[in-house]
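Asker: Below are the chains, spelled out letter by letter.
Protein chains: 4
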Amino acid sequence: MAKKPIKAAVLGASGYTGADLIRLAARHPGIALAALVAKGHAGQPLAQIFPHLASLDLPPLVTSSEVDWGGIDVVFGGLPHGTAHEEIGKLPERIKVIDMSADFRLRDPRVYAEWYGNPHSAPALLEDAVYGLTEHHRDAIARARLVACPGCYPTAVLLALLPLARAKLIAAEDIIIDAKSGVSGAGRTLKQNTLFAEAGEGLSPYGIGNHRHVPEIEQELGAAAGTSIRINFTPHLAPMARGELCTSYVKLAGKTAAADLRAALAEAYKDAPFVRVVEDGTIPATQHVRGSNYCHIGVFADRLPGRAIVVSAIDNLVKGSAGQALQNFNLMFGFDETTGLEQLPMFP
Amino acid sequence: MAKKPIKAAVLGASGYTGADLIRLAARHPGIALAALVAKGHAGQPLAQIFPHLASLDLPPLVTSSEVDWGGIDVVFGGLPHGTAHEEIGKLPERIKVIDMSADFRLRDPRVYAEWYGNPHSAPALLEDAVYGLTEHHRDAIARARLVACPGCYPTAVLLALLPLARAKLIAAEDIIIDAKSGVSGAGRTLKQNTLFAEAGEGLSPYGIGNHRHVPEIEQELGAAAGTSIRINFTPHLAPMARGELCTSYVKLAGKTAAADLRAALAEAYKDAPFVRVVEDGTIPATQHVRGSNYCHIGVFADRLPGRAIVVSAIDNLVKGSAGQALQNFNLMFGFDETTGLEQLPMFP
Amino acid sequence: MAKKPIKAAVLGASGYTGADLIRLAARHPGIALAALVAKGHAGQPLAQIFPHLASLDLPPLVTSSEVDWGGIDVVFGGLPHGTAHEEIGKLPERIKVIDMSADFRLRDPRVYAEWYGNPHSAPALLEDAVYGLTEHHRDAIARARLVACPGCYPTAVLLALLPLARAKLIAAEDIIIDAKSGVSGAGRTLKQNTLFAEAGEGLSPYGIGNHRHVPEIEQELGAAAGTSIRINFTPHLAPMARGELCTSYVKLAGKTAAADLRAALAEAYKDAPFVRVVEDGTIPATQHVRGSNYCHIGVFADRLPGRAIVVSAIDNLVKGSAGQALQNFNLMFGFDETTGLEQLPMFP
Amino acid sequence: MAKKPIKAAVLGASGYTGADLIRLAARHPGIALAALVAKGHAGQPLAQIFPHLASLDLPPLVTSSEVDWGGIDVVFGGLPHGTAHEEIGKLPERIKVIDMSADFRLRDPRVYAEWYGNPHSAPALLEDAVYGLTEHHRDAIARARLVACPGCYPTAVLLALLPLARAKLIAAEDIIIDAKSGVSGAGRTLKQNTLFAEAGEGLSPYGIGNHRHVPEIEQELGAAAGTSIRINFTPHLAPMARGELCTSYVKLAGKTAAADLRAALAEAYKDAPFVRVVEDGTIPATQHVRGSNYCHIGVFADRLPGRAIVVSAIDNLVKGSAGQALQNFNLMFGFDETTGLEQLPMFP
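Protein chains in written order, with the working numbering: chain P, -6 to 341; chain A, -6 to 341; chain W, -6 to 341; chain E, -6 to 341.
Hints may contain errors.
Partner residues are not named here, just some residues of chain P that face chain E (Cβ under 7 Å, in silico) [stated by the list, open to error]: (1) R16; (2) E79; (3) S177; (4) E194; (5) A234.
In the DSS-like style, the derived pairs of lysine-lysine whose C-alpha atoms are separated by at most 30 Å in a straight line are [as the list claims (entries may be wrong)]: (6) K(-3)(W) with K(-4)(A); (7) K161(A) with K83(A); (8) K184(A) with K263(A); (9) K(-4)(P) with K(-3)(E); (10) K32(A) with K184(E); (11) K0(A) with K83(A); (12) K184(E) with K(-4)(P); (13) K244(A) with K161(P).
Simulated from the structure, these hints should not be mistaken for laboratory data. Bear in mind that the values here come from a model prediction, so they are computed numbers and not experimental data. C-beta: ideal position from N, C-alpha, C; glycine also.
Starting from the given sequences, assemble the full structure and let the hints guide the process.
Answerer: Have a look at this one:
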């Protein structure tokens, strides 16, 4: 690799998303991790908060103001929503940004304010932001300055439904998405319901009817279908650390059959290295994509006439966050899309 | 308790269902466990296959032919479907039977043959069998000779939907039930996908479109609604030992609102000691019913106009099997419905 | 039960220990739960912080100063160490106290100050406190005003080793105790290492050489052996909610054999309803005592000549805390030792 | 990579060890997976038994006799012990063998027969076999035809204790090793105690005093110390899929202190890319090595004078099996030791 490595800074290096980005980027042949920003831990070595990364020879954690931004080519944003748009708004325009927060995903700042409870502080940037669902926006991502990577749930849902909505194979109404996520999706913030003793050996829905990933899914599905779409999206917390499975119940348009959905998905992803439409008879499982950038999608006929079931599985921290961010980096900086993402799923 | 204890035999004492029945019945003040049948383990003490029950002073496991049926008043059936109807068909008519298998749940032997792959060997018994969903068939259960306890999934689904179907508050169409079960639901039979290393840290659907609990749910919902009903029922295997959560997506009839569903359920279960319609704002979780005979039900408005979400949670081995069997026993033998079932849920 | 129920207050009703005490005491025929104290949650119904107890008809949470202490007969203390001795020191002398904290376990206030980092604020009470390891101090507990229930680890360790130390069957030196605990042992306090995503799917030691249960074990073992004892005690955090297993590696005294240890334990506990010395060939497992007040103990010959292995398993929240507290209550108030503790272990 | 890839066959491709070898080898730049042998699954595509590997373009599973051995350069053995020595004994001498079974680890065929219950069928091969604990036998491994990779437990134990035994810093007596393993260590064979519902939420020892990894550890420790050694080795089954943690309690020789052990280990592994002696104050955890080829080792002073505690953590399927096999492959075929093993640990 004769090319000079791209110098990257990570914002939010003390969270799970930041840690997984570092884990993957540290092995990417074209990236040099030049700055790790984690306000609350400035001065500490990364190994102290993430002992699993102790073998890496990286600079200590710093505050944002300690970074020499002149030497940075790209920023990976792993900050919580609300904080992200403020920090990213201050960066020199020269620096490309791949944001994993929610702050640049919604095109309409009013929708953002409605769902996130605060006005957007960098609405100008919103206009230029490209929605980073890699498989569907490759060209725009390659040219973008700011890429807003999708949320973990939207990634799993949209990879499954976008080609179907676009081809008008499914009705825009009565789309019911029952989603299940591992606990790492809730982040490293301390909450009682994510303690091992409470989240373990149990399962329950949460955020029924008001999960913040709803507007993002509706925005993208609606754009693809060319019509306004309202969905039911009901997430559940499952007793596993990683993994996300979305079971989508859809109405078939006209005379469409489940097999047509499968064919459309197979066609849509025939050149996508990370999206697999599984064979008929195989059922996607989060176990089969764990730790990898893969998304597995299966299509099933429904007992209810005129309906079908689409199941998609990802690792929420990889394809649902850090892996997709790196995939977008590859497009933006001219690497092969799979560079640094070759890890196969880990099973068991 | 001056009454003479009822002498009980347990068929299938080496399975999870049998073990949980023994665990509960051993503490029931009106039951004497007189015979434990487990063909493959005849001659062994129970403690050898279930060390957690070693403190009980019980007879060793025997084969069915070793039992002195003359001394038995009631049989709890914990056999696999297919085997159950043969064994139960041979019992003296004098003995009451509380069966936890699938063999006497379907009224139509043709439907049984279609879903279970074998003709029913005791169709005459089918006619007399009472479907043992306690809260909905108390009188019939109290008078029955043979009670067919519902499957674990049907218990959670029907407790949530039956009052709504009966009152025609929900449409008979487009009922979509996304169900999640702990691994004990698959029984003690050895299967690769229920190994810890495979079922742990992962989640996936199974039996999509053809799970054997479908006809049972359709039969009962249809009877309540007075019309034929087809449902979507998609079960998922979740990485927990116990617990079952059903998220049911339903269409509201006419001008019905989610609040009406809640009110109807609250009314239906106002005297039911084990069914709780949780307060508005609370979300059912399997953690909150673990190890107990409770069913928690919540109702939520849907983002999709004209639809609602009903969530129900049970412990699959207790309310979903052995606990409900004991609850039916109480009705059949004149005990208070809660006798032997007072255990509160265990959390964490 | 004609007797008037004993009126109980629970201090620390919002923690796991408090919750499990309430879960068990609510079903005890001789206890009326009259006051639930939880400073930070005063005014809230218990169901709000512990939905699994929502079926109970209990008074709302209050602060200590809101309690009418005149109507209270007994206090169950579930406060963290440090707080406990202050609250308990203020209670009217008439009220009996069963404390589950660490504050009254160590007889020497200097040892307390050394290990807990603060001077003891109620040293006078220390003198009267009885160490509540039920099986070994029944008479003293029955007469006590203040019972200091052992820590969860000491319970498992001492039940296994105390009879052996007393009979001088094991050497006072080189006692090595490798202990493993479920995550609920760390309490409901928010800590990063007890998050599901961090404690799950992993195992590690903690508090090596300085865990606060060490002096308690040394105090009791030393008293039994009539000599000063120093132990190695190395606890590990295991990915389960409940359960504690202690593997103790001991030196045999003189010509003692492993079988002698087994015999001594069997004799010591022949009338103890909750301690089982498992049969030769059976291995204790936390699964086999889960949710119950049982302690299972096994003895094994060591490959190293002159040594043996003693394995003990308990549920840390029941026999290791709330269950043992209730067992002591039974002795103090004249109930049968097993009252309210009849629940069998739950497996799976 | 201009070199022609080395053509590899995998024996036992349907087990966990085989699958993890394939997962890693498929991404090794110098390996071509030419034949996957799995007798019971011959004819099936690998994807059918391991859907997580479906993205690989590999030949279908075959029986041993279907392989064209002329085209194979190296064999990775993932067969169960007992079967391995028969299959490997039949291979052409030209083919190098990296065996992950137990069959070539013990130098003395009588010891093998004693512990494994059958005579060894290829004793001649035993003499040439090199024990594949990479860090301690690099030169011999590089020259070997047949490398017998250590068991998972021996790997974790020996990496921690071998340098200490060799330098005579620890006594040859009273070495007590309390080991904890994830459930994948038991393999994919169906057993009741490894079902999710039984192994989950619980912990217990097994194979006390007679685990088959004992003679292997004693053989290697004894050779290093130059004396016969007997150890206590007590393994425990912990509710996690991957990971192995060994807590070793050792006697210090003469005036040795814990710090001397740490220094000796740091020196021994200063050039080892995968063994990390963690900083003072850090505690090894299986979470911190999960999915990687790393071994973390920590040393701690004991409360018992003259003793110390050494803690080592590995991923049992990677450093404990497939990863170490690949590391040995690299030495045998002239690759950098880390090739194909760069994956960082995955946390959470």
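Asker: Take the shortest C-beta to C-beta distance between S177(P) and chain E; is it under 7 Å?
Answerer: 5 Å, holds
Asker: If you take the shortest Cβ to Cβ gap from R16(P) to chain E, is it below 7 Å?
Answerer: 5 Å, holds
Asker: Are K32(A) and K184(E) close enough, with their CA atoms no more than 30 Å apart?
Answerer: Distance ~19 Å between K32(A) and K184(E) Cα, so the pair holds.
Asker: Would the pair K184(A) and K263(A) pass a check requiring their Cα atoms to be no farther apart than 30 Å?
Answerer: Judged against 30 Å, a Cα distance of about 41 Å means the pair is violated.
Asker: Take the C-alpha atoms of K184(E) and K(-4)(P), compute the straight-line distance between them, and say whether it is at most 30 Å.
Answerer: 53 Å, violated
Asker: Regarding the pair K(-4)(P) and K(-3)(E), is the alpha-carbon distance no greater than 30 Å?
Answerer: At roughly 26 Å apart (the allowed maximum being 30 Å), K(-3)(E) and K(-4)(P) satisfy the hint.
Asker: Just to be careful: measuring from the Cβ of A234(P) to every Cβ in chain E, is the smallest value less than 7 Å?
Answerer: Hint holds; A234(P) Cβ to chain E Cβ min 5 Å, cut 7 Å.
Asker: Are the Cα atoms of K0(A) and K83(A) separated by 30 Å or less?
Answerer: 18 Å, holds
Asker: Hey, K244(A) versus K161(P), does the alpha-carbon distance stay inside 30 Å?
Answerer: This hinted pair holds, its Cα atoms lying about 23 Å apart.
Asker: Interface hint check: E194(P), Cβ to nearest Cβ on chain E, cutoff 7 Å. Holds or violated?
Answerer: This interface hint holds because 6 Å falls under the 7 Å limit.
Asker: Hinted pair, alpha-carbon criterion (30 Å max): K(-3)(W), K(-4)(A). Please report holds or violated.
Answerer: Cα-Cα ~26 Å, so holds.
Asker: Are the Cα atoms of K161(A) and K83(A) separated by 30 Å or less?
Answerer: 41 Å, violated
Going through the hint list in order, the structure does not satisfy hints 2, 7, 8 and 12.
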